[in-house]
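Protein sequence lines, in the order shown, are assigned to chains A and B.
Note that the numbering used here gives residue 203 to position 203 of the first sequence, counting from 1, and the numbers run on in steps of one.
Note that the numbering used here gives residue 92 to position 92 of the second sequence, counting from 1, and the numbers run on in steps of one.
What you were told as hints is all true, and nothing was included just to trick you.
Heads up, incomplete: computed chain B residues facing chain A, CB under 8 Å, no partners named:
no., residue
1, Val68
2, Ala73
3, Asp78
4, Arg81
5, Ser82
6, Tyr84
7, Leu87
8, Leu95
9, Pro96
Computed beta-carbon distance windows for the label pairs:
no., chain 1, residue 1, chain 2, residue 2, range
10, A, Pro173, B, Ser132, 50 to 60 Å
11, A, Ala118, B, Thr59, 49 to 59 Å
12, B, Val213, A, Leu201, 23 to 33 Å
13, A, Arg139, B, Thr59, 29 to 39 Å
14, B, Asp225, A, Val49, 54 to 64 Å
15, B, Gly133, A, Ala118, 40 to 50 Å
16, B, Gln226, A, Leu201, 28 to 38 Å
17, A, Pro173, B, Thr63, 50 to 60 Å
18, B, Ser132, A, Arg139, 29 to 39 Å
19, A, Ala118, B, Ala163, 51 to 61 Å
20, B, Gly133, A, Leu160, 43 to 53 Å
Since the hints were derived computationally from the structure, they do not count as laboratory data.
By construction, the Cβ of each residue, glycine as well, lies at the ideal position given by its N, Cα and C atoms.
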Amino acid sequence: MNQPRTTASESARSPDRRTPAVRHSLLPLAVRHVLLPPLVRRTLAPAPVRHALLRWFVLALAVAGWQLVARAHGSVYFPPSAEIARHARDLWFSGPVRHLFLTEDAVADILPSLGRMAAGFGIAAVVGIALGIAVGRSRRVYALCNPVLQFARAVPPPALVPVFVVLLDFGTPMQIASIVFSAVWPVLINTAEGARDTDPLRLEVAAVLRLTPTERLRFLILPSALPRIFAGLRLSLSLSLILMVFSELLPGTANGIGFTLTDAQSRSDLLTVWAALALLGTLGYLLNTGLLAVEKRLVGRGRTTTA
Amino acid sequence: MLRLDAVGRHYGDHQVLHDITLTVPDGQLLCVVGPSGCGKSTLLRTIAGLLPAYDGTITLDGTPVHGVPDNLAVVFQDYARSLYPWLTVRENVALPLRRRGLPRAERRAEADRILARVGLTDTARRHPWQLSGGMQQRVAIARALVCRPSLLLMDEPFGSLDAQTREDLEDLLLEVHRTDGATIVFVTHDIDESVYLGDRVVVLSPGPGAKVVLDLPVELPGTRDQITTRGLAEFVALRSEVGRAVRNR
Ligand SMILES: Nc1ncnc2c1ncn2[C@@H]1O[C@H](COP(=O)(O)OP(=O)(O)OP(=O)(O)O)[C@@H](O)[C@H]1O
Ligand SMILES: [Mg+2]
Numbered sequence: 001m002n003q004p005r006t007t008a009s010e011s012a013r014s015p016d017r018r019t020p021a022v023r024h025s026l027l028p029l030a031v032r033h034v035l036l037p038p039l040v041r042r043t044l045a046p047a048p049v050r051h052a053l054l055r056w057f058v059l060a061l062a063v064a065g066w067q068l069v070a071r072a073h074g075s076v077y078f079p080p081s082a083e084i085a086r087h088a089r090d091l092w093f094s095g096p097v098r099h100l101f102l103t104e105d106a107v108a109d110i111l112p113s114l115g116r117m118a119a120g121f122g123i124a125a126v127v128g129i130a131l132g133i134a135v136g137r138s139r140r141v142y143a144l145c146n147p148v149l150q151f152a153r154a155v156p157p158p159a160l161v162p163v164f165v166v167l168l169d170f171g172t173p174m175q176i177a178s179i180v181f182s183a184v185w186p187v188l189i190n191t192a193e194g195a196r197d198t199d200p201l202r203l204e205v206a207a208v209l210r211l212t213p214t215e216r217l218r219f220l221i222l223p224s225a226l227p228r229i230f231a232g233l234r235l236s237l238s239l240s241l242i243l244m245v246f247s248e249l250l251p252g253t254a255n256g257i258g259f260t261l262t263d264a265q266s267r268s269d270l271l272t273v274w275a276a277l278a279l280l281g282t283l284g285y286l287l288n289t290g291l292l293a294v295e296k297r298l299v300g301r302g303r304t305t306t307a
Numbered sequence: 001m002l003r004l005d006a007v008g009r010h011y012g013d014h015q016v017l018h019d020i021t022l023t024v025p026d027g028q029l030l031c032v033v034g035p036s037g038c039g040k041s042t043l044l045r046t047i048a049g050l051l052p053a054y055d056g057t058i059t060l061d062g063t064p065v066h067g068v069p070d071n072l073a074v075v076f077q078d079y080a081r082s083l084y085p086w087l088t089v090r091e092n093v094a095l096p097l098r099r100r101g102l103p104r105a106e107r108r109a110e111a112d113r114i115l116a117r118v119g120l121t122d123t124a125r126r127h128p129w130q131l132s133g134g135m136q137q138r139v140a141i142a143r144a145l146v147c148r149p150s151l152l153l154m155d156e157p158f159g160s161l162d163a164q165t166r167e168d169l170e171d172l173l174l175e176v177h178r179t180d181g182a183t184i185v186f187v188t189h190d191i192d193e194s195v196y197l198g199d200r201v202v203v204l205s206p207g208p209g210a211k212v213v214l215d216l217p218v219e220l221p222g223t224r225d226q227i228t229t230r231g232l233a234e235f236v237a238l239r240s241e242v243g244r245a246v247r248n249r
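Produce the complete structure using the sequences and hints provided.
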């Protein structure tokens, strides 16, 4: 019964001890006691595996629920999940093996979308981190820039798109610019704050060790700002996805997942609309998972201390 | 030679140090003792060139100290925070060697050598936060010793060590001091320790406006040894004298 006495930092260090609490809050008692035992409990699987199973279990439950309700209703607006999945496979993932099962439609629509998003997010990340460090390292620059940054952050990103349409006309440059100019702010602001919060004692250490500015950046400022940088990158990533779709919804685009959406909508092809939505959700999930994995590798060590 | 001439330091209108004049010859091990909050850490930071705005003058080998001097090492009082948690113990200790332009393999070897001397052979690849407080303190000491500084400033470096490790490290410091001949300014609370280690003990008055109230050369016969030295009549006499000055009687 030492559970309640564990401090936040202690439980953060041992994920195993946190698991029971999460399990309690996530699942209703009935599910825990009736459905789970055969599935999870008796397998004696290690905690991380059990945890993953539980997460997928809830998702599977939601998909199955959708399937049952949609089947029972037979509405054309809400097709059953199996049908959506089948349609998505036919549309994008039934191609030849040497194309990694991607169909021509997938190559024509998903890849350009992802390419633009990667370009936009990549530029936003590099520019945001570089400017963020520059802004955060100087008290004066930070004070001068902060109001501008807060203002830029407050503008709803899609509202900027018309500006780029006028400036750059329709097409890939406009789309990438829209993504960059929305996604850059969270990384920039978070990096600036992370860099500004560098422990003053550690800066004194860097001064005594006579680190060069580059070494100081590499060994002190970047690593200590890294958790904040990743917090910014996660926000930027989801903004990139949003802006990717949004910039493709406008008239004048010829390909992309967003284009698939509007195109299907104009043909009242709701099955394709749902398939595109499912695809976007999956992509968002996968990209975020990828980013989290990178973060865990880079930030994991040295981060259990509070300082 | 390190010279402090009428050095003062204030934070806002809070005068911490007042009119400190000291000359530390090359190779001296000077212990600074004083009550908590009197400004010992502030004094070390000022000597290290980390607090540029001070009154009076500080010169090191004749040149005034404005920035951080070359060939200086500091063990900060807050040793745990002074380590870089994202680097391994070895990387932390090897960091000061970068400015000497050594190749990577040599930096590693030097770091391992000094880690062995402070009794941390097996921890090179771990991270500081995986170590106990006393072990972290030894990492901080190793990082200061690794580049053989000519001026070493230590702020209560043995504060959280058990008696045995503490005595071992006191002897290590004396040995390093004998072989490398660095000038050392060693801040401590511990009166015994100051007399055991120092060639000279300086006692600061309680703040605000701390100044030197006792400047005592320590002359003890023979090589110092934890058991015999501490039993000497001279040792006991010096200890009482420092103790009286600290307690202001
Ligand atoms: N950054 C600062 N701003 C304002 N006042 C400070 C600052 N740093 C230290 N002081 C004040 O200066 C005085 C001396 O502090 P200092 O840390 O030098 O004491 P110390 O002798 O090292 O104490 P201890 O033995 O407890 O470490 C204290 O009264 C403290 O409040
Ligand atoms: Mg102090």
